[in-house]
Amino acid sequence: MMTPVNPSTPVLEVTGLAKIFGGLRAVSDFNMTIQKGELVGLIGPNGAGKTTAFNMITGLYFPTHGEIKFEGTSVVGLQPHEITRMGIGRTFQNIRLFSNLSVLDNVRIAYHFHSGYSLTDGILRNANYSKNERELTEKTQDFLSIFHLNKFEGEIAKNLPYGQQRRLEIARALACNPHLLLLDEPAAGMNPKEITELMDLIHFIREKFDLTILLIEHQMRLVMDICEKITVLDFGEVIARGTPVEIQNNPKVVEAYLGKGAANVA
Amino acid sequence: MELGFLIGSVVKIGAILAYLYGLLWVLGHKKLWVKIVGVVAAFAIVQLAFTITIGDSTILNEFDSGLVFQAASMTMIALGLNLIYGFNGQFSLGQWGFYGIGAYTAADITFRWINGDSRGLLVVGIGSILGAVMILGIQKWLSRLRGVPVLSAFTFYLFGSVLVGAVAVVIGNALNPAISPLLGSAYEPGPLSQGIWLQIVYFLAIIFAGVFAGEVSFLFGLPVLSLGSDYFGIATLGFTIIVNTLMLNSDTILPFPEMKGGRGMIGIPKLTTWFWAFFFMLMVIIIMRNVIHSSTGRTILAVREDETAAKAMGIDLASTKLLTFVIGSFFAGIGGGVYAHYIGFLSPGTFDFLAGFNPLIIVVFGGLGSMTGTIAASFGWIFFLEGLLRVLLGQMGPDAPTWRFVLYPIVLLLLMLIRPQGLLGTVEWGFLKAPFVRPRENQHTASDVVEG
Ligand SMILES: Nc1ncnc2c1ncn2[C@@H]1O[C@H](COP(=O)(O)OP(=O)(O)OP(=O)(O)O)[C@@H](O)[C@H]1O
Ligand SMILES: [Mg+2]
Chain A
350 MMTPVNPSTP VLEVTGLAKI FGGLRAVSDF NMTIQKGELV GLIGPNGAGK TTAFNMITGL
410 YFPTHGEIKF EGTSVVGLQP HEITRMGIGR TFQNIRLFSN LSVLDNVRIA YHFHSGYSLT
470 DGILRNANYS KNERELTEKT QDFLSIFHLN KFEGEIAKNL PYGQQRRLEI ARALACNPHL
530 LLLDEPAAGM NPKEITELMD LIHFIREKFD LTILLIEHQM RLVMDICEKI TVLDFGEVIA
590 RGTPVEIQNN PKVVEAYLGK GAANVA
Chain B
10 MELGFLIGSV VKIGAILAYL YGLLWVLGHK KLWVKIVGVV AAFAIVQLAF TITIGDSTIL
70 NEFDSGLVFQ AASMTMIALG LNLIYGFNGQ FSLGQWGFYG IGAYTAADIT FRWINGDSRG
130 LLVVGIGSIL GAVMILGIQK WLSRLRGVPV LSAFTFYLFG SVLVGAVAVV IGNALNPAIS
190 PLLGSAYEPG PLSQGIWLQI VYFLAIIFAG VFAGEVSFLF GLPVLSLGSD YFGIATLGFT
250 IIVNTLMLNS DTILPFPEMK GGRGMIGIPK LTTWFWAFFF MLMVIIIMRN VIHSSTGRTI
310 LAVREDETAA KAMGIDLAST KLLTFVIGSF FAGIGGGVYA HYIGFLSPGT FDFLAGFNPL
370 IIVVFGGLGS MTGTIAASFG WIFFLEGLLR VLLGQMGPDA PTWRFVLYPI VLLLLMLIRP
430 QGLLGTVEWG FLKAPFVRPR ENQHTASDVV EG
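Chains A and B, in that order, give the protein sequences.
All residue numbers for the first sequence refer to the numbering used here, where the first residue is 350 and numbers rise by one.
All residue numbers for the second sequence refer to the numbering used here, where the first residue is 10 and numbers rise by one.
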């Protein structure tokens with residue numbers, strides 16, 4: 350966004366958010382405030398409504414109730430692409446790359462709304478096209494090299510190893526120049542070594558791109574290690590929030606994960 | 010004789026494929042002068058084959074040259090469909106309808122012109138230019154308002170179109186008396202309906218026919234594509250049927266007695282020369298290739314690959330699909346105009362929805378998402394099935410050519426089993442290949458933390 354944002358305005362402010370599918374309350378009365386620069390975890394058992402919350406924030410689902418404010422502006426009712434252009438980027442739980450396109454094109458696509466030339470320039474192949482297309486390609490290549498993906502740039506995305514696909518998805522989301530990045534289970538399917546690399550990557554991009562990050566994750570090592578604040582969702586409701594240490598010692602959380610009675614044992 | 014004919018046909022098909030390969034290769038050459046010389050040569054080769062006689066017929070005889078023109082217009086139609094279906098992933102059966110609109114529109118313009126009536130050109134020309142201005146204007150205005158529901162937007166465009174149409178008719182009627190004396194009649198052509206002027210009118214007729222088809226597709230696609238594309242295929246089928254019905258009743262429901270409804274429109278000037286067919290085919294190929302390899306083109310592909318991810322990348326799905334649909338229909342309209350002026354006669358039967366599966370089969374056959382495949386398949390298809398097979402079957406009995414319609418699906422079925430990605434998959438030749446991207450030295454060797 351062009352308008353300068355008051356530093357005290359939360360990057361994301363969600364109040365009373367709810368989503369009902371038929372008779373199923375996937376999310377109910379979800380509240381969350383994220384300040385600039387924070388790295389927040391959103392955890393909860395399977396089916397707790399975490400992804401649904403992401404989908405509402407990014408405009409893929411229309412909330413049944415509630416308000417979502419991004420940098421002080423309501424995004425409820427906006428189209429997903431408008432929300433992305435405002436500065437919310439995301440990745441998906443099950444990787445959603447443009448599978449048959451090259452790694453380079455996967456990222457180049459992100460620049461389409463500030464490519465610097467129009468379709469007419471593209472059809473006429475004029476100087477404006479050549480200049481901007483070259484700049485845009487070089488920018489993408491530099492960007493890929495930050496993620497050590499440059500050696501794969503001509504590769505078709507679906508042929509990449511799994512870990513690189515995750516990495517590419519994050520790179521692609523960042524190419525949209527977001528202020529807030531939503532990561533949906535970025536470590537899913539990764540081995541311990543890859544998880545360590547991912548944690549480093551998250552730290553790195555956070556500094557480099559001055560990001561605020563909200564991430565969903567089941568890998569407790571990752572969440573407890575890198576998140577400063579954690580919100581726990583169960584059956585669509587927030588059951589706890591706090592620092593990693595507070596969350597680990599919260600009986601309600603243990604109960605949600607391990608079942609009733611487990612809290613006493615632990 | 011049959012064996013000779015068979016061998017001859019196979020040689021011809023091979024020669025045509027080699028020709029197309031050469032054309033794409035030379036177009037993709039780095040040096041401008043090679044390109045120009047190559048294109049002129051490519052034009053001349055076919056032109057000479059039409060004119061040089063060996064024995065008692067030209068190298069490409071009357072029948073063959075007909076096939077060349079059919080293949081050229083089919084190339085434009087099928088490329089447009091491949092853009093919509095193969096590159097953007099929207100299954101459409103409407104291409105045939107837009108082809109028909111283009112054919113009738115262009116034919117009406119030139120037919121009226123040579124018969125002393127300039128209103129065809131004036132009304133369609135002014136209408137399509139004002140229409141484009143109107144659409145772009147309303148688009149800008151709506152984007153500033155934000156959040157206008159699709160159907161309200163559609164209403165604005167619809168009113169805009171009606172208004173533009175009325176204005177165009179009024180202006181056309183007002184200007185016609187000044188121009189028509191210069192047109193003469195079909196028997197005594199006036200100064201403006203012969204020579205270079207007629208060629209200009211022909212050129213404008215084809216372009217306006219394309220633009221008009223594009224505008225119709227905009228009005229049709231806006232509500233259908235924005236409101237979810239699950240029924241897009243069915244809706245486009247309906248569209249083709251409606252267009253066909255209007256053609257059948259063009260002299261009763263529509264006020265166009267010269268189109269003669271179901272009896273077919275005759276007396277269209279045969280203005281499509283090889284020069285024009287080649288010119289428009291190249292124009293379509295170049296425009297489409299440049300669109301695909303632009304930033305907008307990448308969004309078109311992204312929508313096909315994954316709509317949800319495309320949205321999350323800031324791509325406006327509805328407008329990307331609509332844009333693709335309009336460009337594809339524009340190509341169909343151009344193809345229609347070229348066809349009409351080659352054949353000189355338009356019958357609604359040609360635009361029957363069943364025949365509308367032809368470009369679809371060609372696109373699937375050549376490869377969804379391969380321009381090269383579509384071009385090669387258009388020529389191969391016409392020459393193999395319409396040329397070779399029709400003649401061979403024709404020798405077996407008067408009704409045998411109908412068996413082509415049994416053979417088409419069988420060929421397609423076999424192909425789907427053996428090579429589901431189409432003959433060429435997504436392979437492109439020469440000019441159509443994605444531009445080479447030079448790898449870049451790492452200036453930004455990232456910090457060690459992101460070691461992968
Ligand atoms: N589009 C939908 N239609 C109907 N029900 C849905 C839809 N999306 C999600 N749900 C349901 O909402 C509930 C929450 O799903 P959600 O995907 O948000 O869970 P989650 O917390 O992300 O779980 P996981 O950890 O398994 O990814 C589930 O019961 C799910 O079946
Ligand atoms: Mg989930």
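Keep in mind that the hints are not guaranteed to be accurate.
[Unchecked claim] List of simulated lysine-lysine pairs, DSSO-like, C-alpha gap at most 27 Å:
no. : chain 1 : residue 1 : chain 2 : residue 2
1   : A       : K578      : A       : K542
2   : A       : K480      : B       : K40
3   : A       : K500      : A       : K488
4   : B       : K279      : B       : K269
5   : A       : K385      : A       : K557
6   : B       : K442      : B       : K39
7   : B       : K39       : A       : K488
8   : A       : K480      : B       : K39
9   : B       : K442      : A       : K507
10  : A       : K500      : A       : K480
11  : A       : K500      : B       : K442
12  : B       : K40       : B       : K442
13  : A       : K578      : A       : K557
14  : B       : K44       : A       : K480
15  : B       : K269      : A       : K480
16  : B       : K442      : A       : K488
Hints are computed from structural coordinates only; laboratory data are not their basis.
Hint check results:
Taking the CA atoms of K578(A) and K542(A), the gap is about 24 Å. The hint holds against a cut of 27 Å. With a C-alpha separation of about 19 Å, the suggested pairing of K480(A) with K40(B) holds against the 27 Å cut-off. With a C-alpha separation of about 15 Å, the suggested pair K500(A) and K488(A) falls inside the 27 Å cut-off, and the hint holds. Using a Cα cut-off of 27 Å, the hinted pair K279(B) and K269(B) holds, with the two alpha carbons roughly 18 Å apart.
Our distance criterion of 27 Å between C-alpha atoms is met by K385(A) and K557(A), whose separation comes to about 14 Å. Proximity of K442(B) to K39(B) is assessed by CA-CA distance (about 13 Å); at most 27 Å being required, the pair is judged to hold. A threshold of 27 Å between alpha carbons decides the hint, and for K39(B) with K488(A) the separation of about 25 Å falls inside it, so the pair holds. Annotation: proposed proximity of K480(A) to K39(B) holds, straight-line Cα distance about 18 Å (limit 27 Å).
The straight-line distance between the Cα atoms of K442(B) and K507(A) is roughly 20 Å, inside the 27 Å bound, and the hint therefore holds. At most 27 Å may separate the alpha-carbon atoms for a hinted pair to count; K500(A) and K480(A) meet this at roughly 24 Å. Annotation: proposed proximity of K500(A) to K442(B) holds, straight-line Cα distance about 21 Å (limit 27 Å). Only pairs whose Cα atoms come within 27 Å are accepted, and K40(B) paired with K442(B) is accepted, the gap being roughly 16 Å.
Our distance criterion of 27 Å between C-alpha atoms is met by K578(A) and K557(A), whose separation comes to about 21 Å. Straight-line distance between C-alpha atoms of K44(B) and K480(A) comes to about 22 Å, which keeps the hinted pair within the 27 Å bound. Using a Cα cut-off of 27 Å, the hinted pair K269(B) and K480(A) is violated, with the two alpha carbons roughly 53 Å apart. At roughly 22 Å between alpha-carbon atoms, K442(B) and K488(A) fall within 27 Å of each other, so this suggested pair holds.
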